[in-house]
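Residues per chain are reported as follows:
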Amino acid sequence: MCAALLIGAGAYGLIVNAHPLRKILAFNVIGAGVFLLFGAIAHRGAGAGLGGDPVPQALLITGIVVAFSATALAVALLLRLFGASNSVTLADAPPSSPVGADDSAGE
Amino acid sequence: MTDALNEVLNLGIAVLILVLGVWAVVARDAFAAAVGFIAFGLSLTLAWLQLRGIDVALTEAAIGGGLTGALTIFAVARLRATEAAASAERPSVPTRIIAVLVAGAVTFTLILCVLALPNPAPSLASAVMAHIESTGVGNPITAVLLAYRAMDTLLEATVLVFALIGVWSLAPDDVWGGHPGIRQHADPNGILAYAARILPPIGIVVGTYVFWVGADHPGGKFQGATIIAAMWLLVVMAGLVDTPPVSRRWVRIVAAAGPLVFIAIGLAGVPTAGAFLAYPHGYAKPLIVIIELALMPTLALVLALLVAGAPTRIAKR
Amino acid sequence: MNDILAWTSIVAVTAGVFFFVAGTVGLLRFPDAVTRLHALTKADNLGLGLVALGLMAQARSATVMLELLVVWGLVLVSGATAAQLIARGQRRGDTQP
Amino acid sequence: MSEFLLAAAGFVLLTVAVGLVRILRGPANVDRMMAAQLFGTGGVAAVLLLGAATGAAAAIDVALTLALLAAFASFAFVKAAPGGDGAPATDRDR
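Chains as they are written, first to last, in my numbering: chain A, 1 to 107; chain B, 1 to 317; chain C, 1 to 97; chain D, 1 to 94.
The hints are simulated quantities; they were obtained by calculation from the structure and are not laboratory data. Don't be surprised by glycine CBs; every beta carbon is placed ideally from N, CA and C. Keep in mind that a hint or two might mislead.
What the hints assert, rightly or not - Chain B stretches covered by chain A per the calculated footprint, using a threshold of three residues with CB under 8 Å from any CB of chain A:
#1 60-66
#2 69-75
#3 154-164
Unchecked claim - With a straight-line cut-off of 20 Å between C-alpha atoms, the simulated SDA-like cross-links for lysine to any residue are:
#4 42(C) to 57(C)
#5 42(C) to 88(C)
#6 42(C) to 18(D)
#7 42(C) to 110(B)
#8 42(C) to 28(C)
#9 285(B) to 208(B)
#10 285(B) to 269(B)
#11 42(C) to 11(D)
#12 42(C) to 22(C)
#13 42(C) to 22(D)
#14 42(C) to 14(D)
Claimed, not checked - Here are a few chain D residues that face chain C, going by a calculated C-beta distance under 7 Å:
#15 19
#16 21
#17 22
#18 31
#19 33
#20 41
#21 48
#22 58
#23 60
This is chain A alone, in the form it adopts within the complex (with noise of 0.2 Å):
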């Protein structure tokens, strides 16, 4: 079982990236690596007759579908920031561009 907890932790090794979509996946999978640590260790707390820890495990399935929400927002951002100026890398984003002109989330 030790095996399976190392993924998290090589899941780590994997931030080298200059597209920003693939700055979005590679945060997704370490992500996942955090994911599968805390289940190795809801794995660990087996007992009562259970296979595991089943508060680790609801607060995963609640953590994996947050993951998912901000995945989804921050692609709707990448695609608008795309339609906005042509560019994905803020860098030389030119300046005339009305980036973030109308982001009133939250009301």
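Assemble chains B, C and D onto chain A, guided by the hints.
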């Protein structure tokens, strides 16, 4: 014998996940990376199965394999033009060496932490099982999600709705409140349209089933809602229906209804059971079922529209 | 009776695994995308069917058997559709390079 | 019996892994689109076998979900991939 086999299998799954994860990050072509990422998500499902987290395996299969995959793959398709420019500015060698060092250090620290985990591990399993009778629910994970840690679940459902609002608010001014996503055009007599007519009925049955057994067996609203969302998106992909304009009243009502019902029941718990989100004695099970029933359409709608993205076309009046 | 069931599932599952291996060999050895697709879809679907059959012999209730059948049917429908679509995309790519 | 099923699951998984390597290296995107297909069959078989070996009846539900969503993913591939139904341009054109 069985244990040894199991160990080998676990090792194999671990290696598979690692290879796919690395592939998703280092692949030269973004499409290849996205495909690798989907395979990565699907193999995680196997890992959850081996870790005895069947509920988690269901969620991962639905969200990690299906929805996240579709989301990234569509984004890759729309951002294809930018890829050449981005790969031209590869980080310099010193930068990469530093990145490898940092990542290696993080990994090393984590391994140390993992090896230092207490043995036997602390567990809340027996505490959960001791009180599960009072919730009337047979699946311990559903019990945790909707009784012991109901606050987390409420916040999660709210986060989803806020993420959707965030995505919508990224629409350009001229298409404000319009249809999200690109209009799909496909041959209405084509093979995809055929599949989109065959699969969704089965999918809806499966989704409802997964939702319904969630009370006593692995399953539940998130998993069921994801399946239904995927089926809806399939019909949209086949060009049979269009996504609704986000300014429609029913879209907004459904998107807000689930959390509102949840909050209402939570508030009702204050006078009847003495605390926010507490259930009066004996009513726990029906209340949990009501909450799940109310959250289900909200989750399905929100998940599907999150994949569809920001509005891109003007609503037809 | 139990012995017969056990042997049925062993034989069926073994045959299923054999078809998976065959599909993978085809995937590795065939020269172009369409033939590889052919190897993958047909052999693997048959393999899955046999595995499902083998597990059906082990199933404790009719519901489980039905579920196994539904799983296989779903994979058949979707696999056939997706294979069609992929092959069509491939052909279009060939004619207008 | 459960050893046999476990071994069978391992074997199927091995073939899936080998096939996946082949597919991901694949010269064209068409090859890569098969990945979801591969998981739709091989992955589902592995899940079923694992579930039967460990006696987790609910694994069938996981297989059911996997089958549906793998189909969804492969349709998404076809729609999004260059040369698919969505965009006509291929990789080499750019």
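Cross-check of the supplied hints:
With a threshold of 8 Å between beta carbons, the proposed coverage of the segment 60-66 of chain B by chain A holds, since 3 of its residues qualify and at least three are required. Chain A is given as covering the segment 69-75 of chain B, and this holds because 3 residues of the stretch bring a CB closer than 8 Å to a CB of that chain, at least three being needed. For the segment 154-164 of chain B, the stated coverage by chain A is satisfied: 6 residues place a CB nearer than 8 Å to a CB of that chain, which reaches the threshold of 3. For the hint pairing residue 42(C) with residue 57(C), the CA-to-CA distance comes to about 23 Å; that exceeds 20 Å, so the pair is violated.
Using a Cα cut-off of 20 Å, the hinted pair residue 42(C) and residue 88(C) holds, with the two alpha carbons roughly 17 Å apart. Between residue 42(C) and residue 18(D), the direct Cα distance comes to roughly 18 Å. Compliance with the 20 Å bound is thereby established for this hinted pair. A distance of roughly 44 Å separates the Cα atoms of residue 42(C) and residue 110(B); the hinted pair therefore is violated under the 20 Å criterion. Of the pairs offered as hints, the one joining residue 42(C) and residue 28(C) holds, with about 15 Å between alpha carbons and a cut-off of 20 Å not exceeded.
This hinted pair checks out: residue 285(B) and residue 208(B) have alpha carbons roughly 18 Å apart, not beyond 20 Å. Restraint check: the Cα-Cα separation between residue 285(B) and residue 269(B) comes to about 14 Å, which is no more than 20 Å; the hinted pair holds. Under the criterion of a C-alpha separation no larger than 20 Å, the hint pairing residue 42(C) with residue 11(D) is consistent with the structure, at around 19 Å. With a CA separation close to 10 Å, the supplied pair residue 42(C) and residue 22(C) stays within the 20 Å bound.
A distance of roughly 18 Å separates the Cα atoms of residue 42(C) and residue 22(D); the hinted pair therefore holds under the 20 Å criterion. Among the hinted pairs, residue 42(C) with residue 14(D) is consistent with the structure: their alpha-carbon atoms are about 19 Å apart, no more than 20 Å. A hinted interface residue such as residue 19(D) counts as satisfied when its beta carbon comes closer than 7 Å to some beta carbon of chain C; here the least separation is about 5 Å, so the hint holds. Because the closest C-beta pair between residue 21(D) and chain C is about 9 Å apart, greater than 7 Å, the hint is violated.
With its C-beta approaching chain C no nearer than about 5 Å, residue 22(D) sits inside the 7 Å limit, and its interface hint holds. A cut of 7 Å between beta carbons decides the hint on residue 31(D): the least distance to chain C is about 6 Å, and the hint holds. Proximity of residue 33(D) to chain C holds as hinted, the smallest CB-CB distance being about 5 Å (cut-off 7 Å). Checking residue 41(D) against chain C by beta carbon gives a least distance of about 4 Å; that is within 7 Å, so the hint holds.
For residue 48(D), the shortest C-beta to C-beta distance to chain C is roughly 6 Å, which falls under 7 Å, so the interface hint holds. Below 7 Å, beta-carbon pairs count as interface contacts, and residue 58(D) has none with chain C, the closest being about 10 Å; its hint is therefore violated. The criterion of a C-beta within 7 Å of any C-beta in chain C is met by residue 60(D), whose closest approach is roughly 5 Å, and the hint holds.
Of the numbered hints listed earlier, those contradicted by the structure are 4, 7, 16, 22.
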